[in-house]
Amino acid sequence: MAWVNAIIQGLLTGGLYALFACGLSLMFGVMKVINLAHGDLAVVAGYIGVGVIAITHMPVLWSIPVVVVLMAIIGYVLQRSLIQGALSRGELTTLIVTFGLSIVIENGLQQFFTANSRGLGVGDSFITASFSIGSQITIAWLNVIIFALAVVVLLGLQQYLSHSKYGRLIRAVADDREAAQLSGANYRHVFGIAAAIAFGTVAIAGMFQGMITTISPTLGTETILLFAFAAVVIGGLGSLWGTLLGGVVLGVAQAIGAQINPSWEQLAGYAVFLAVLVIRPQGLTSRGAQA
Amino acid sequence: MTETAKTGIRSEEDFLKVTRSRRNTVWSGLGAVVLIVVLYRFPYFVQPGTTGIMIQGLIVLTLASMWNLLAGYAGLVSVGQQAFFGLGAYFVLIPAMHGVTPWAGLFVAAIGAAVCAVPLWWLVARLRLGYFAIATWVLAEVVMLVIEQISSIGGGTGMPLPGLIGYNPAVLTADTYWAALTVAVLAIGGVYLLLRSKVGLVLTAIRDDERAAKSSGVRVGLARMGVFIAAAAGCGAAGGVLAIEQLQVVPGTSGGVFSVQWTAEMAFAVIIGGIGTIEGPILGTIVYMVLQQTLQSYNAWYLIVLGLVAIAIAIFARRGLWGTVVDRFNIRLFPVGYYLWSPGERRGRRRAATHVVR
Numbered sequence: 001m002a003w004v005n006a007i008i009q010g011l012l013t014g015g016l017y018a019l020f021a022c023g024l025s026l027m028f029g030v031m032k033v034i035n036l037a038h039g040d041l042a043v044v045a046g047y048i049g050v051g052v053i054a055i056t057h058m059p060v061l062w063s064i065p066v067v068v069v070l071m072a073i074i075g076y077v078l079q080r081s082l083i084q085g086a087l088s089r090g091e092l093t094t095l096i097v098t099f100g101l102s103i104v105i106e107n108g109l110q111q112f113f114t115a116n117s118r119g120l121g122v123g124d125s126f127i128t129a130s131f132s133i134g135s136q137i138t139i140a141w142l143n144v145i146i147f148a149l150a151v152v153v154l155l156g157l158q159q160y161l162s163h164s165k166y167g168r169l170i171r172a173v174a175d176d177r178e179a180a181q182l183s184g185a186n187y188r189h190v191f192g193i194a195a196a197i198a199f200g201t202v203a204i205a206g207m208f209q210g211m212i213t214t215i216s217p218t219l220g221t222e223t224i225l226l227f228a229f230a231a232v233v234i235g236g237l238g239s240l241w242g243t244l245l246g247g248v249v250l251g252v253a254q255a256i257g258a259q260i261n262p263s264w265e266q267l268a269g270y271a272v273f274l275a276v277l278v279i280r281p282q283g284l285t286s287r288g289a290q291a
Numbered sequence: 001m002t003e004t005a006k007t008g009i010r011s012e013e014d015f016l017k018v019t020r021s022r023r024n025t026v027w028s029g030l031g032a033v034v035l036i037v038v039l040y041r042f043p044y045f046v047q048p049g050t051t052g053i054m055i056q057g058l059i060v061l062t063l064a065s066m067w068n069l070l071a072g073y074a075g076l077v078s079v080g081q082q083a084f085f086g087l088g089a090y091f092v093l094i095p096a097m098h099g100v101t102p103w104a105g106l107f108v109a110a111i112g113a114a115v116c117a118v119p120l121w122w123l124v125a126r127l128r129l130g131y132f133a134i135a136t137w138v139l140a141e142v143v144m145l146v147i148e149q150i151s152s153i154g155g156g157t158g159m160p161l162p163g164l165i166g167y168n169p170a171v172l173t174a175d176t177y178w179a180a181l182t183v184a185v186l187a188i189g190g191v192y193l194l195l196r197s198k199v200g201l202v203l204t205a206i207r208d209d210e211r212a213a214k215s216s217g218v219r220v221g222l223a224r225m226g227v228f229i230a231a232a233a234g235c236g237a238a239g240g241v242l243a244i245e246q247l248q249v250v251p252g253t254s255g256g257v258f259s260v261q262w263t264a265e266m267a268f269a270v271i272i273g274g275i276g277t278i279e280g281p282i283l284g285t286i287v288y289m290v291l292q293q294t295l296q297s298y299n300a301w302y303l304i305v306l307g308l309v310a311i312a313i314a315i316f317a318r319r320g321l322w323g324t325v326v327d328r329f330n331i332r333l334f335p336v337g338y339y340l341w342s343p344g345e346r347r348g349r350r351r352a353a354t355h356v357v358r
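Residue numbers (my numbering), protein chains in the order written: chain U, 1 to 291; chain A, 1 to 358.
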């Protein structure tokens, strides 16, 4: 029964990992940018949430849309300025700029907010609410909500990119920037919109991270970026559905590892990542060229 | 130092002449020797505190030279060099626990890190650029997690370094400084010799155009593996020096030997100084030292400023400080490229160089 519990909890945690990975996957798919500051941006979203709640005293759930909009604006501006500037100078520059951004954000947060960790919505009743299956399995409603939200966001985004008019435009720009531009698309603006969407999903993930556990300045590089990347690789490039699967596989692997030995949690997740990297480098879902 | 290869193009000899440099490099070579001798005499003139600062600088200099080799020449943007740095520290610690003097442990650190680099290379060899970057980061995390599992070498908390107890502190600082300087000189000298060798030509070809190099029959993968292993050895030795300097080895991502800040420092130093040149990391390390010493009372602000400067330089002056100097004055302290003399041109005549193969 303990094993079933571990797998269920891991599966639900996987939803959060998939939410983290979503933006990374999208930005790589559309702009071919590996954003090394991805994890730190999730942490930034969490701290913005702390600020928004402190100023407006709104309930934590209501603050999420506010943070999402703020992060989307930051994403658009950052893409149009810094990231676009780096992109037009080559891939090495893009890596250096996002890596620099990551280190600057992490240390900046430490200077302004100290290294202490913070929780979001501490004391709210729905954060601790849970239900039980049998006598040994207790599931937090918050985890269920996050998982459901991850499914909605990732699959919804996949549908949006596949079928909507603007989604087609994003895919067209991702496939062939010059050709899309010749057809009248402003690829820089499209990149900005894609970044805004990616940052929006990162904001959701960062806020829920703060609710489930806590956020701290170093969290972005220590876990979020690496977990997100592992989820993307496990799931397979270019498919948001695969990213969801990758997040779930990572979450379950970590939960099983922790069940065997509490200190093996992260190692077990990375072991699966390395195994996929060696045995099936195209990821578990090789099909699908969207996003 | 000046190699003169006469090309037999057309019947006239000396029609086209190819040399390593435009100027006589005996002088810059002599300058380097003098500089190294002065640096070796350093501990006799200054306070141990200053020597300690120099040790930190030499560690970063070694790391930056290695990262430059990786990213600047082999196109391998590694964000996981802290793995080899940390492993180097442990390869000094482990023999020291069995009675081997830490000074000899530095050799173990270099070789051990290089050996560990082989299986790790196999895992990431296929990946390029951004993927390679994060994958190496994940590998560094995995290496740290594995080391933290081994309680006999301190587990997650680390261990003090045995074998140097009873040393006079001033002598120990000086000895550590000499070890750090030797490691740095060997690292830079190694990079210089490597780039002047056949491998250097291969690496320059990869740097300039990977696809063209591949289609000309250059074994890109093999050269990359060699660079990855060599850089691991250099970073390992630097990690060994850190273990001796701190007299302890602490794992962990914040403040420990496996912190990504080590890679941040080496990468930023390279970008600021000028990527793809040997002189760049040296200049970048000096900038790093100045920033770090000026802002040392403001915690991690030096790293924030360093990061911002690196971002600005990466976007606005891609060839870094040294690249700007080279463009303006055409000086090279470490000539690894070739200079093609146009017919009739003589050494010493000041003319804008137009045929430089960097």
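Please note that the accuracy of each hint is not assured.
Calculated Cβ distances over 12 Å to all of chain A for the following chain U residues [claimed, not checked]:
| # | residue |
| --- | --- |
| 1 | A2 |
| 2 | W3 |
| 3 | K32 |
| 4 | I34 |
| 5 | V50 |
| 6 | V77 |
| 7 | L95 |
| 8 | S125 |
| 9 | I133 |
| 10 | N143 |
| 11 | S162 |
| 12 | L169 |
| 13 | R177 |
| 14 | S183 |
| 15 | E265 |
| 16 | Y270 |
Restraint ranges, calculated between C-beta atoms of paired labels, are given here [to be verified]:
| # | chain 1 | residue 1 | chain 2 | residue 2 | range |
| --- | --- | --- | --- | --- | --- |
| 17 | A | L193 | U | V122 | 28 to 34 Å |
| 18 | A | R126 | U | R168 | 44 to 50 Å |
| 19 | U | N116 | A | Y298 | 15 to 21 Å |
| 20 | A | F107 | U | S132 | 55 to 61 Å |
These are calculated hints, taken from the structure and not from any lab test.
For glycine and all other residues, C-beta sits at the position ideal for the given N, C-alpha and C.
Which numbered hints turn out to be false for this structure?
-> When the structure is compared with the hints, numbers 3, 4, 7, 15, 16, 17 and 18 turn out to be violated.
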